[in-house]
Amino acid sequence: MLPIVATLLLGLTLWGARVGAQEAENPFSGRVDARMGQRHYEAQCSNCHGLTATGNPESGGPDLTTGRFRTASSNAGLFRVIREGIRGTAMIGINRDSPDQAVWQVITYLNSLSPANIRAELPGSATAGQQLFQGKGDCVRCHIVSGEGGRLGPDLSEVGERRLLTELRSDLSAPNAEVDPRWWTVAVTREDGSVVRGLRMHEDSFSFRLMDEQERLRSFSKSQIRSFERDKSSTMPAYASLTTQEENDLVSYLLTLRRKP
Amino acid sequence: MTLTRVTTLLAVIASVHLTLAQEPASVAGAGMPLFSPVTWERLVNAADEPHNWLMYSGTFNSQRFSRLDQIDTSNVAGLKLVWAHHIPQLDRNETTPLVVDGVMFITESPSNVTAVDAASGRPYWRYEHELPDDLRICCGRNNRGVAILNETLYMSTLDAQIVGVDARSGSLLWNTEVADHREGYSKTAAPLIVKDKVITGIAGGEFGIRGFLDAYDAKTGTREWRTYTIPGPDHPDNRSWAGDSWRTGGSPTWITGSYDPELDLIYWGTGNPGPDYNGDVRGGDNLYADSVIALDGDSGEMSWYFQFTPHDVHDWDAIQIPVLADIEVDGASRKAMLWANRNAFYYTLDRETGEFLVGKPFARQTWAEGLDENGRPIRRPDTFPSTEGTLVAPTAGGATNWWSPAFSPHTGLLYVNAFDGEAKFFIRDEDYTAGDRFTGGGTDAPLPIDNYVSAIRAIDPATGDIRWEFPIKARSRAGVLATAGDLVFSGSVDGYLYALDATTGEELWHIALGGRMNASPMTYAVDGRQYVTMPSGNVVYTFALDN
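Chains as they are written, first to last, in the working numbering: chain A, 604 to 864; chain B, 7 to 553.
Warning: the hint list may mix true and false statements.
Said to hold, decoys possible - With a straight-line cut-off of 25 Å between C-alpha atoms, the simulated DSS-like cross-links for lysine-lysine are: (1) A/K835 with A/K825; (2) B/K225 with A/K863; (3) B/K430 with B/K479; (4) B/K86 with A/K825; (5) B/K366 with B/K341; (6) B/K341 with B/K201.
Said to hold, decoys possible - Heads up, incomplete: computed chain B residues facing chain A, CB under 8 Å, no partners named: (7) A36; (8) L40; (9) T45; (10) D123; (11) P138; (12) C145; (13) D172; (14) P452; (15) I455.
It should be emphasised that the hints constitute simulated quantities derived from the structure, not laboratory data.
Predicted, not measured: the structure shown is a model, and the values here were computed from it.
Every residue, glycine too, gets a C-beta built ideally from N, C-alpha and C.
All chains should be modelled from the sequences, with the hints used to inform the complete structure.
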């Protein structure tokens, strides 16, 4: 029995070495693999990364649906991280009894979750959308794209990688539906009664930091102000006046905003 | 209050703040606007706003000296921890933060930068640079700091890119590939701003790269010039390399340089020739490896060079900070450059011409009889690496390394972290393959590290004499800060941060922070309160006196 186990282990090691190589293709990337990967994921990964892989703030496990991973930039890198874990962190490797096939299937599942990997048909003209974005829409007043634009809204340089077509439509028509706490507004009344408003860059128990309407940085200690109020609505207007064509063009443009190859 | 009135009030506050640009920043925690654009003029006059730390070495002369004197020899024993910032990813923490009007910018492993409130250490934003899986780096996933011009930060990344990041929001403005990381090029050092350009070097001396220094347009990231640190075959100095060895000769530029606005010269140290330990395959002096080069501030053309270690076979990179100071040597006032080298010799050079003025060992060395009248080492013949191993002092890590020295105009002394070590050097045949290590040998420690000692040494640059030393057991890999409070701060590998009397070397304060110290301390002030910051382990600690 021992020689058989040894041979099997040697085989697995060689297989691991081969598929772990930088240029390795994922050999298990079909739809069934994604479903199998989801099962493995739910059993072994979801405790720390959340059942839908969007992260678990309690455990600190990061969001795995963004198509970006802090410690891997390729499928081969992901394979290594899932197989071996990351030393010095809470990330342990997948169960040692799990075959490499399971690791690849988890990767296939994770890849299927990322808007970056979902290529939607563009409903309009990206060129016209860009003109609208930079012109009549005046979106650049608040949003940076490729280093140009304002700081009073999220950087949209790669928004096409993190938002789906339907989500972008909703962002435009109902901006208050889902506001990231980074973009809440805080109104601070200072000891002298003056009021400062700004976007909430960071808040903790004792302090918060804002970017005010002039895009200046301000830091407040909660013990040194009279009061403050959080406004969880978006500072972006709802673009109800857009025609269907304009909306189609705009979301088409936004979907093309992706990282440079 | 209407929006208009708020806006007007804010405008008034802003204008008041701008007129106070030379004063300490506004009341901490009360929400006054912080941060204002760092113009070229502000950089040139950085010493005049000591409450800020506007570039890696503090000022263009890289003295790492601060005019702040609130913390001094009489009260330093009262320093207390004010805040700590935790860096999420654990690796060597080599950063020197910048401080601009109450906002601190800290680089983090592997190639990230975060902005925090300098009075509380609490965050505004973090930029995380996405890295490929196939990095080829010699010495850990580290980054030493950013440069700033106006409202943009400039940072080197491990995948050999330079990025422009918005200082207010952390948004990426541009990124430019400096070199192909798959061939062993990488970047870790803080860039240096010269006028409207970002000057930045390259690492990869253990991978057979061909080193260079680059300038990029600060607005667009477009490359303006590149000066190779190994001249091409059309230059006579190329003959200092046997055959084609210049193509893979290393000579990287992996620490920040200095700048003299009056002479309009950029000064930068260069690293080891490659392969590190096998000089047989690269006969000749191997110019301009292990040198300081002086380049024109506009064109990048070389004005002069001085090579510390011709035909180096011990990995003694001249990757030290060029410290610029005007001092008296032999009765004459000189625009000098002070340089304690990894090869264990201290040098004073004339920074207008590169002329050698003073040279003397500042740490234990067994490889040279001394320096000749031109500063060239008189080498002992039996000190070359061998297959059986050759015992030489200093080690490959050197008598000092990239850790910043400091110069105090008050005492006229240069403070250097020195190490009296030794190593066995081995030679090995090795073929060059792009992207693979190319060192041609290696080293071994003959004895446990406790047999050796590091020391902060105070060197008189007029003579090269050592005025005092403060020994550190067993070892230090940290830089030095000097202040107008006549203090010298530094740290140790076993986690002590300490303050010495700059005149006598007497120890005045220490605290055990526990984590390895691989960076250089810095100091700044917010709202009139002076702080001292030092990274230890993957935490950045900040101290001050009680309010």
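* Given hint B/A36 near chain A, where the shortest CB pair must fall under 8 Å -> holds, 5 Å
* Supplied contact hint for B/D172, tested at 8 Å Cβ to chain A -> With a closest approach of 7 Å, the B/D172 hint holds.
* Holds or violated: are the alpha carbons of B/K430 and B/K479 at most 25 Å from each other? -> holds, 21 Å
* Do the numbers back the hint for B/P452, that is, is its least Cβ distance to chain A under 8 Å? -> violated, 31 Å
* Is the hint on B/C145 kept, meaning its closest Cβ partner in chain A is under 8 Å away? -> Status violated, d = 18 Å.
* To do: Have a go at the B/T45 hint: is there a Cβ in chain A nearer than 8 Å to its own Cβ?
  => violated, 17 Å
* **Straight-line alpha-carbon gap B/K366 to B/K341, limit 25 Å** => With Cα atoms ~19 Å apart, B/K366 and B/K341 stay inside 25 Å; holds.
* Proposed proximity, A/K825 with B/K86 (alpha carbon, max 25 Å) -> Holds, at about 22 Å.
* To do: With a cut-off of 8 Å on the beta carbons, see whether B/I455 makes it to chain A.
  => violated, 23 Å
* Asked: Taking the least C-beta to C-beta distance, is B/P138 closer than 8 Å to chain A?
  -> holds, 5 Å
* Asked: With a cut-off of 8 Å, does the beta carbon of B/L40 approach a beta carbon of chain A closely enough for the hint to hold?
  -> Check passed: Cβ of B/L40 comes within 5 Å of chain A, closer than 8 Å.
* Given pair status - A/K863, B/K225, alpha carbons within 25 Å -> holds, 19 Å
Of the numbered hints listed earlier, those contradicted by the structure are 9, 12, 14 and 15.
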